[in-house]
Amino acid sequence: KQEVTQIPAALSVPEGENLVLNCSFTDSAIYNLQWFRQDPGKGLTSLLLIQSSQREQTSGRLNASLDKSSGRSTLYIAASQPGDSATYLCAVGPGNYGQNFVFGPGTRLSVLP
Amino acid sequence: ETGVTQSPTHLIKTRGQQVTLRCSSQSGHNTVSWYQQALGQGPQFIFQYYREEENGRGNFPPRFSGLQFPNYSSELNVNALELDDSALYLCASSFLEPHTQYFGPGTRLTVL
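Chains P and S are the protein sequences, given in the same order.
Per the numbering used here, the very first residue in the first sequence carries number 400; after that it's consecutive.
Per the numbering used here, the very first residue in the second sequence carries number 2; after that it's consecutive.
By construction, these hints were calculated from the structure, which means they are not laboratory data.
Hints are not guaranteed to be accurate.
[Claimed, not checked] Beta-carbon label-pair distances, calculated as ranges:
1) S:81 to P:416: 15 to 23 Å
2) P:440 to S:16: 39 to 47 Å
3) P:438 to S:74: 36 to 44 Å
4) P:407 to S:16: 30 to 38 Å
5) P:459 to S:23: 31 to 39 Å
6) S:17 to P:469: 46 to 54 Å
7) P:414 to S:72: 41 to 49 Å
8) S:64 to P:415: 29 to 37 Å
9) S:71 to P:406: 16 to 24 Å
10) S:23 to P:469: 20 to 28 Å
11) S:85 to P:400: 30 to 38 Å
[Stated by the list, open to error] Chain P regions said to be covered by chain S (calculated; three or more residues, Cβ under 8 Å):
12) 410–419
13) 468–476
All C-beta atoms, glycine included, are put in the ideal place defined by N, C-alpha and C.
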């Protein structure tokens, strides 16, 4: 059974800092990994998708890496801004169609002005 | 703007009642997945529909059921509501491959 963990559970940083969020998963037989952002009480916004054959993806100030063999992904946020404050979730896509996508519990990020 | 919409936004029910939540997929997507997100936790997969057929199910009892219509919109039905069913219910639409999911804003269900 796939299990996904995220460290840290919460993080508070001053504006302008670079930061790294971590995601670990137990079963390396994944199809892809997706990072999401969730604002309080809202739905999920997709940030980056990494296919299992890829090592990283970049979008603006965000960079996500994937190491399938070690069961890890990181989300790097450069030059953080107060608007980046949200909960960040990673989700592991299944190795076979129809199986469930498994989410981590999220990292709650606060960027202080 | 993802194009995935859900209704209603909020809903209050009492224990034992039945509820229907609705989701309109992003244009062109043929797959819809439903998730339950309890407060402070990550979403938990309920089930997925592909071309009107259930295509996978998580660890939820049969009182959670769904439908997908020819236009790829979808419903989640929950019978015999329990207090623990209180959560944010999210739907996500996608193509079956490559699984990029686009989420709706969710329906907040409160069971009293």
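Hint-by-hint comparison with the structure:
1. S:81 to P:416: 15 to 23 Å: For residue 81 of chain S and residue 416 of chain P the Cβ distance comes to about 49 Å; the hint is violated.
2. P:440 to S:16: 39 to 47 Å: violated, 23 Å
3. P:438 to S:74: 36 to 44 Å: Distance hint for residue 438 of chain P, residue 74 of chain S is violated at roughly 25 Å.
4. P:407 to S:16: 30 to 38 Å: Given range 30 to 38 Å: holds, Cβ gap about 37 Å.
5. P:459 to S:23: 31 to 39 Å: Between residue 459 of chain P and residue 23 of chain S, where Cβ atoms are some 33 Å apart, the hint holds.
6. S:17 to P:469: 46 to 54 Å: holds, 47 Å
7. P:414 to S:72: 41 to 49 Å: holds, 45 Å
8. S:64 to P:415: 29 to 37 Å: Cβ of residue 64 of chain S to Cβ of residue 415 of chain P: about 50 Å, so the range 29 to 37 Å is violated.
9. S:71 to P:406: 16 to 24 Å: violated, 44 Å
10. S:23 to P:469: 20 to 28 Å: violated, 41 Å
11. S:85 to P:400: 30 to 38 Å: Violated, since residue 85 of chain S and residue 400 of chain P (Cβ atoms, about 21 Å apart) do not stay within the stated range.
12. 410–419: With 0 residues closer than 8 Å to chain S, the region 410–419 of chain P misses the three-residue bar; violated.
13. 468–476: Our answer is that it is violated, as 0 residues pass the Cβ test (under 8 Å) against chain S, missing three.
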